[in-house]
Amino acid sequence: MPVLQYIEAVRETLRAEMRRDPNVFILGEDVGKRGGVFRATQGLVDEFGEERVIDTPLTESAIVGVGIGAALYGLRPVCEIQFADFIWPAMNQILSEAARFRYRSYGTWFVPMVIRAPYGGGVHGGLYHSQSVEAHFAHSPGLKIVAPSTPADVAGLLRAAIRDDDPVLFFEHKGLYRAVKGEVPEGDYVVPIGKAEVRRDGRDITVFSYGKALHFCLEAASLVAAEGIDAMVVDLRSLRPLDEETILNAAARTGKVLIVHEDNAFMGIGAEVAALIAEKVLFELDAPIMRLCGPEVPAMPYAPPLEKWYMLSPEKVAAKMRELAAF
Amino acid sequence: MEIRMPQLGESVTEGTIARWLVRPGDRVSRYQPIAEVITDKVTAEIPAPADGVIESLKVPEGETVPVGALIARMAAAEEGAAAGAAAEVGAGAAPTPSAAVGAIPSNGHPGPGGGPATEAAGTGRTRYSPAVMRLAQEHGIDLSQIRGTGLGGRVTRRDVERYLEELRAGRAPVPAVPGAGDGSQGAASGMAAQAVGDRSRGAAPGVEARPAGSTEPAPAGVPATPAWSYVPAAPVQVGAGDQPIPVGAGDQRIPVGPVRRRIAERMLQARREQPHAWTMVRADVTGLVALRNAIKDEFRAREGTELTYLPFLIKAVTESLREYPLLNSVWAGDEIVVRREIHISIAVATEDAVVVPVIKNADRLSIAGLAHAIHDLATRARAGRLTLEDVQGGTFTVNNTGAFGSYLSQPILNYPQAAILTMEAITKEPVVLENDAIAIRSMVNLCLSLDHRVLDGLICGRFLQAVKRRLEAYQPGQRVV
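Just so you know, the sequences run in chain order A and B. Take 0 as the starting number for the first sequence in numbering that gives the first Met the number 0 and just add one per residue. Take 0 as the starting number for the second sequence in numbering that gives the first Met the number 0 and just add one per residue.
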């Protein structure tokens, strides 16, 4: 198994899928010759040409709108939004059209489109290059949302997303692009959408997370393990649909639940996970469900000390783990 | 041994602990009052069920709990105690307070700080998570037997699981005490373990001393009285709504005592549950006024009590209730229960409250008998000496609001009764008579509130006409006994 960076897994999976299926094509800002601002699509234009790796104007509504049209026509577009922070101009296309085409046409028409968007902070990106936007979309039926945390999941989930007949938002934490390396199974490796993954088993507390925060949780679990706290860590990775079975089993295992994400708490993914657990396995719970999330401020601050205050860290997660374990 | 909120009377579902008369550690003798309880506006005392030592109080003063709720634990004294009491005691057959306390902790470890693992150990001690309660229920565990390792001594799910593992491992029912005998506490626990083991021999794992030795046979694995049975009844909210009430500098703040709160709850309950309707008739009581004026001095001399209009009204009401028994009834969800006996609640105002003692079988009393009954109840009500018996069982309420000079009132039902009647002030008024003459007559308004689920206008109108007819029939010269 080759060891790839997170961003390499994006690129190589795109390449493999484009080789496999001539209907797959890429469109976005600077995705061609430039290879994307993060170089996720570097070299793909050389192999597949400008008709399958399309540089678009700086117009997210057009990127997604064209993608929807192409998808309805039978193609499999992979739209790139340069930063998730800039996805809002395409909100109308995503929610009003892509999400409801199948419903509105009684299943006759559907939109097999992927929207890739780098999200998340801690990269000194300031207010407009650091946001987590997943909760805004997770509310809408008709969309699937994934947020992988490992190169293997990037490969497996991106394949699943491209082959899915419905629109999938594919959120890549930009802080992981070059920070995380890992083995990626070769060949036609697919991770089904809607499946969470237990990254670490434990008996004392159950921690749910995704994206970069998931790595903080794993580090924190190692920190508190030395103190005798045995934390189970679950990577949600699919935010809609949620993997109810895995979530409920993991919550029931310890009865003490902590949900960690970089996005702020209010109406966030954690709120939905907490509600699910409270609804389905109340009588397994041994403590109030806890959340550790980004602060309730409008955006990631630019000043380094404030960014550090905003961002989660293994130490912050470990402190919360201790609090829950002691309850 | 457990002390529970007693059933202090028919239809009483809960009681408020007004005051504890004992503290943990106090030695009590059987029948000694240990707490004052308020129900239905009267105060009763709870007697100790046996000689022994109070171990712990489970309900703070001022809190309302349902009948049957655990309110305290005590250790009954040894052999000499009442047989029934002793049978319930189980592990608690300990002669001294210290030994009795020592029998409680279960995991064998002393409680936090080396003290006994009672609820005094921390606030989290007696609040159980859903998982802990479910496990306790499934396995029939008395959670007070488990030492909590969580925040504030909270019993965690893990603590229960550990306890169950120990039970399965055969260290049941009270787990082994590490270093038993190396201190008085350990020794006491060891003794308790021995006693418990004897009592529960043959019982299924998970059944600890209390159910095994309980007077009621409990199915294996299911305790007769699970520790989580203490669930306060959801109180009727008598708050001020969502908005806090602003309090100005000169405003007086009157704390709401148990009696006032009780009144508030009952009024709210009636208003919420019973759809009120209201109607009124006027009665010409000129004859009654003349009759009373003619005989009142003689009545006082003969009976030793004042003759008011209320006995006449109650007599008219009870006779009319016999004619229309549906007014003497109560809504019971899927049926209407019509009471055979007529017990009249009379509203008695005290300076800071209103109470409604009951004249039992009021329909069997003469005017003089009613006058005496009213005088007796009113006197004792104002002295705060009513018993629970006095305020229970009413089937219809009469209120002499005219005594305050009221001309018209709209009473709230005396829950769960279906109707309440007020007699307003008697006033002289010009009235057009049947022969179109105008005369000065003594008139009175009779107001009726009714539970419209049970009663409709037609029958209430007939009932009021019957009461009116009887009041108007009194004339001077009639003999009143």
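A hint or two may mislead.
[Unchecked claim] Now the in silico label distances, taken between C-beta atoms and shown as ranges:
#1 GLU272(B) / PRO191(A): 51 to 57 angstroms
#2 ARG321(A) / GLU164(B): 23 to 29 angstroms
#3 PRO245(B) / PRO304(A): 40 to 46 angstroms
#4 SER221(A) / PRO254(B): 51 to 57 angstroms
#5 PRO191(A) / ALA331(B): 55 to 61 angstroms
If you are wondering where the hints come from, they were derived from the structure by calculation, not from laboratory data. Glycine included, each C-beta is placed from N, C-alpha and C at the ideal position.
Taking the hints in turn, this is what the structure says about them:
1. GLU272(B) / PRO191(A): 51 to 57 angstroms: 54 angstroms, holds
2. ARG321(A) / GLU164(B): 23 to 29 angstroms: For ARG321(A) and GLU164(B) the Cβ distance comes to about 25 angstroms; the hint holds.
3. PRO245(B) / PRO304(A): 40 to 46 angstroms: 42 angstroms, holds
4. SER221(A) / PRO254(B): 51 to 57 angstroms: 55 angstroms, holds
5. PRO191(A) / ALA331(B): 55 to 61 angstroms: 57 angstroms Cβ-Cβ, so the 55 to 61 angstroms window holds.
When each numbered hint is compared with the structure, no violation occurs for any of them.
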